[in-house]
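Go ahead and model the full structure; you've got the sequences and the hints to work with.
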Amino acid sequence: MTPRQSIRNFSIVAHIDHGKSTLSDRLIQLTGGLADREMKEQVLDNMDIERERGITIKAQTVRLTHVRDGQTYVLNLIDTPGHVDFAYEVSRSLAACEGALLVVDASQGVEAQTLANVYQAIDADLEIVPVLNKIDLPAAEPDRIKAQIEEVIGIDASQAVMISAKTGLGIPDVLDAIIDRLPAPKDGDPDAPLKALLMDAYYDAYLGVVVLVRIKDGVLRKGMKVRMMATGATYGVDRVGVFKPKITEIDALGPGEIGFLTASIKEVGDAAVGDTITEDRRQTASALPGFKPAQPVVFCGLFPVDAANFEDLRAAMGKLRLNDASFSFEMETSAALGFGFRCGFLGLLHLEIIQERLAREFNLDLIATAPSVVYEIKLRGGEVVELHNPVDMPDVMQIAEIHEPWIKATILTPDEYLGGIIKLCQDRRGNQQELTYVGSRAMMVYELPLNEVVFDFYDRLKSISKGYASFDYVMVDRREGDLVKMQILVNDEPVDALSMLVHRNRAESRGRVMCEKLKELIPQHMFKIPIQAAIGGRIIARETISALRKDVTAKCYGGDATRKRKLLDKQKEGKKRMRQFGKVEIPQEAFIAALKMDEN
Amino acid sequence: MNRPAGPAGGSAPRQLAVYVHWPYCTAICPYCDFNVYRARGADSTSLLQAILTDLAGWRSITGARPVSSIFFGGGTPSLMAPSEVAAVIEAVDRLFGLEAGAEISLEANPSDAEAARFAGLRAAGVERLSLGIQALDDASLRALGRFHSADEAVRAARLARSLFPRLSVDLIYARHRQTRDDWRAELGAALALEPDHISPYQLTIEAGTAYERAVRRGVIVPADDDLGADLYLITQDVLEAAGFEAYEVSNHAQGAAARSVHNIAYWTSQDWIGVGPGAHGRLGAGAGRLATTAALRPVDYIAGVAATGTGTAEREVLDEDGARDEFWLMGLRFADGADPALAPGAPLAATALATARDAGLVWTRPGRVGLTPAGRLLANRVIADLLLAEAGASLPG
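Protein chains in written order, with numbering that gives the first Met the number 0: chain F, 0 to 599; chain L, 0 to 396.
FYI, nobody ran anything at the bench for these hints, they're computed from the structure. All of these numbers come straight from a predicted model, not from anything done at the bench. One should not assume that every hint holds.
Stated by the list, open to error - Chain F side only, calculated, beta carbon under 7 angstroms to chain L, not exhaustive:
1. A553
2. L567
3. G573
4. K574
To be verified - One-sided excerpt, in silico: chain L residues whose CB lies under 10 angstroms from chain F:
5. A16
6. G72
7. P199
8. L317
9. L377
The C-beta atom is built at its ideal place from N, Cα and C for all residues, glycine as well.
See the structure below:
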C-alpha cells in the first residue's frame with residue numbers, strides 16, 4: 000500500500016484532438032510504464048472505435064510511478080470519457096480524483112466540450128492545472144489562449160504548463176506540476192471498514208468483468224468478500240491490482256489508491272457505476288453520495304434490414320450489453336419494419352457508437368428509426384407515464400400535460416457563422432441565455448428542447464459553420480410543451496415508424512417537408528399514393544405520388560430472356576431492402592432520410 | 000456432353016426454332032444497342048462458313064429435330080446475298096429437318112438497294128419479311144439515323160407485299176416531339192401498306208447509345224410516362240379497329256396465321272438455338288434448361304467456331320428458379336397467357352395472383368394465366384410482383 004501523501008489522483012480534461020491521448024502516452028513513457036517498443040498510439044483507448052474517432056468511451060486508469068529527489072510518487076491517471084453522453088461516468092471518475100489537467104490546444108483555444116468538462120471538474124472541487132499543448136506549432140498563441148482560459152473559464156492560467164505532447168517538450172514540467180500543485184488524497188482511515196467508489200467497469204475477454212475502484216476508507220484485499228451497496232450483491236474478490244498500464248496484481252489497495260478488482264461478476268450491469276463497495280462482514284455505515292442508476296435519454300428502434308437476421312441482432316445486442324450496462328433494449332414490433340428492438344441510449348454519440356458497433360463487430364445491416372427523447376406524460380387521472388416511443392402515446396383525451404427534456408447547449412463558433420447558428424437555434428425553439436465574444440469567437444448558451452436536437456441538429460450546425468462550431472450540452476430539466484403526435488399516412492395508413500412528437504407550431508412545416516421527402520423516396524406504384532401528415536384526424540400536409548401508367552419493355556425476344564432474368568435477380572436483392580406497408584413498398588432508406596430537415 | 004431433357008414423358012422430340020444473327024449494318028443507328036458492326040469491309044464469307052459449321056455443331060447436341068421456324072435477325076440480314084440465305088436454310092433443313100410450312104422470316108431495311116434483293120430472298124426461301132420501316136416521315140427517319148426515305152419505305156413495302164406471303168412492318172413511336180395525332184396518322188399510313196403483322200416499339204433510350212448522349216445534352220426529350228402510355232393505348236385502339244390482334248405487348252397480327260411462330264417459341268419457353276455472333280439459345284425444360292450465348296464479336300465467333308466447332312462462348316445451366324423466372328417473364332407477355340402446369344418450380348404465389356387479378360391486371364382460367372390489356376401496359380411491374388411475392392399456396396383452379 001502506498002502512503003497517502005505520495006499519491007496523486009488526476010484526470011485530463013481536453014477537447015477531441017487537443018492532445019489528451021498523446022499526453023497520456025508521453026506520461027506513461029516518461030515514467031517507464033512501457034518500453035518504447037511497446038508504445039503504440041492512444042495506449043489507453045482499447046476499442047477500435049475509440050482509436051479511430053479519438054474518443055474515450057470507457058474510463059481507464061493507469062498507475063505511474065515517478066521518483067523525484069529520492070521520493071517515490073504514485074500518480075494515478077484516470078482517462079475519462081469526454082462526451083456529455085457519458086457525463087455521469089465522467090462525474091464518478093472525477094469523484095475519484097483530487098485534481099485535473101486542463102489541456103488546451105495553444106492555437107485553437109477553448110472548445111465547447113472542454114468547457115462542460117472543466118466546469119464539471121470545478122464543481123467536483125478538483126484542483127485544475129492548465130496545460131497548453133502544441134506550443135511548437137507556428138500557429139500557437141499561448142498568451143492569447145491563456146487570456147481566453149482566464150476569461151472564459153475563470154481560473155488562473157499564468158502558471159500554465161507549456162508543452163508539446165508530440166515532441167515530448169515540457170512533459171517533466173507536467174510531472175512536477177502534478178506533484179507540487181495537485182493535492183494528495185485528503186483523508187482515509189486504513190482501519191475503517193472498506194468504503195470504495197465503483198468508478199467504472201468493463202468486460203474483458205480474459206478477466207471477465209473488471210471493476211475500477213477508488214478506495215476511500217479501509218483496505219481492499221484479495222479473497223475478501225465484498226458487497227455492492229446499491230445492488231446488494233456480494234462477491235468474493237479474485238484479483239486486486241493496478242494497471243501500469245500492464246495489468247499488475249497486488250495484494251491490497253489502501254486509502255487514496257486507485258486500482259481494479261475482479262470477482263465472478265457475470266455482466267457489467269451487475270457492477271453499477273457510482274456504487275459503493277464495502278466488506279460484507281464489516282460494512283461501512285454509509286454509502287458514498289451521488290449514485291444514480293443509468294438513465295437512457297434517447298431512444299430509437301433498430302430493425303434488421305433482412306428480417307431473417309432478427310435472431311442475430313438479438314444475440315449481438317446481448318453481447319454488447321455485457322459490456323455496456325447503460326444501453327438497454329426490448330423487443331418491438333413495427334407494422335412497417337417487422338421485428339426489432341426499442342433501444343435506450345445515454346445520448347446521441349452513444350446511439351451512434353452502438354449502431355456502429357453492431358454494424359462493424361457483428362456485421363449487421365440495420366434500419367434505425369428516428370431518435371426520440373423520453374417524454375413524461377401526466378394523465379388526467381393524475382398518473383404519470385414515461386413515453387419512449389411515439390407509437391405508445393396514450394389517447395390525447397387522457398393527456399393533461401406532456402413534459403419534454405430541455406438541455407443547456409454551449410456553442411462556440413467563429414463569429415462569421417453566428418447569424419446562421421442563431422437562426423438554427425431559434426428554428427429549434429431555443430432560448431438564448433448568453434452571447435459573449437472571446438476574440439473573434441462567439442460563445443452562445445442556449446436552452447433547447449432535446450427533441451429538436453436529437454435528430455440532425457449537430458449535422459446542421461456543422462454544415463452551417465463549415466465544421467468550425469463546437470457544441471456541447473447538459474440536461475437541464477423537463478418542461479411542459481405544447482406537443483402533438485404527428486402521424487404520417489401512406490396510402491391512408493399510418494406508418495408507425497414515422498410518427499413523432501413535435502411542437503404544435505413546428506408540426507405543419509415539419510409535416511410538409513416529410514411529405515415532400517417521402518414523395519421523392521417512395522417509387523411510383525401502379526396506383527396513386529396519397530402521403531399525408533396528420534395530427535389526430537386533421538390532415539396538415541399532403542402530397543400525392545401519381546400512379547405509374549406504363550412500365551413495359553418494348554422488345555422481348557430470345558436475347559432478352561437472360562437480361563430479364565438477371566434484372567429480376569437484382570430486384571430480388573433490392574426487395575430485401577424494401578418494407579411492405581399495406582400495398583405500398585417503402586425503401587428502408589426512406590425511414591431515416593424522410594426525417595432530415597434541409598432548412599435552406 | 001449432357002443431352003438436355005426432352006418434354007415430360009419422352010414423346011416426340013421437341014420442336015426447334017433457329018435464330019440466325021447477321022451482325023452487319025451499313026451504319027449504326029443512334030438508338031440501337033444490339034450487337035451490331037459496320038458492314039463495310041466485313042468478311043461475310045467467313046461468317047457464313049462459321050454459321051454453317053456452328054449449325055452442324057448444334058446438330059450433334061440436339062439430334063434431328065423438326066424445325067418450326069428460322070429467323071434471320073440482326074444487324075441487317077437483308078445485306079446478306081440471297082445465295083447466303085439459301086445456304087443457311089438448306090443447311091438447317093439438311094441437318095435438322097424443316098417442318099412442312101415452317102416459318103422463315105428475315106429482317107430487312109426498306110431502302111431501294113435492299114429492295115432490289117427482295118425477289119432473290121423470296122426465291123431463297125424467305126416467306127415472311129419483317130420490314131424495318133420505323134417511321135413514315137423523312138425528318139424522323141433522318142433523326143433515327145436511317146438511310147431510307149419515307150417514299151423508299153412505301154415502295155419497298157409495296158414490293159414486299161407483292162413478293163412475300165407474309166409481311167410485317169416495324170415502327171418506332173414516342174419519337175422526339177411526336178404527338179398523339181402524328182402517331183395516329185402514321186399508324187393509318189402503315190396500315191395502308193397492307194402488312195399482315197405490325198410491331199410498333201416505343202423508343203427506348205438505351206445506355207451507351209448516341210441517343211442516350213443526346214438525351215443527356217437535352218437535344219432529345221424522351222416522351223414522359225403519360226405520353227408513352229397514351230401512345231401505347233392509341234396503338235392498341237387503332238390496330239384493333241383495323242382487325243389486328245395484340246398477341247404480345249408489341250406485336251399485332253391480322254389473324255392467327257399472321258402471328259410469328261418464331262417469336263412465340265421465345266414466349267412459350269420452347270427450344271431454340273442461335274447461330275451467329277452474340278446469338279442466344281435455350282434447350283430443355285425446367286431445371287437444367289441450357290442457356291447459351293455465342294461469342295459477341297464476329298472475329299471471336301469465327302475464330303471460336305474454327306477452333307472448337309461451336310460458336311458458343313457462354314453456357315449456363317439454369318436451376319429451377321431461373322427456368323421458372325424466364326418461363327413467366329417471357330410467357331406472361333404473350334396474349335394467350337402461360338400454362339401453369341408447364342411452369343417449372345413453385346407455382347405463382349396465390350395471394351399475389353389474386354391481388355393482381357382483383358386489380359384487373361391479370362386473368363386466370365383453368366390451365367392459363369395471362370395479363371389483361373391494363374396489366375400488359377405495366378407488364379414489368381406486374382410480372383416482377385408475381386415473381387417476387389413470397390411463395391404461398393397455389394391458386395386453386
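The hints, checked one at a time:
no.	hint	verdict
1	A553	holds, 4 angstroms
2	L567	holds, 5 angstroms
3	G573	violated, 9 angstroms
4	K574	holds, 5 angstroms
5	A16	holds, 8 angstroms
6	G72	holds, 8 angstroms
7	P199	holds, 9 angstroms
8	L317	holds, 8 angstroms
9	L377	holds, 5 angstroms
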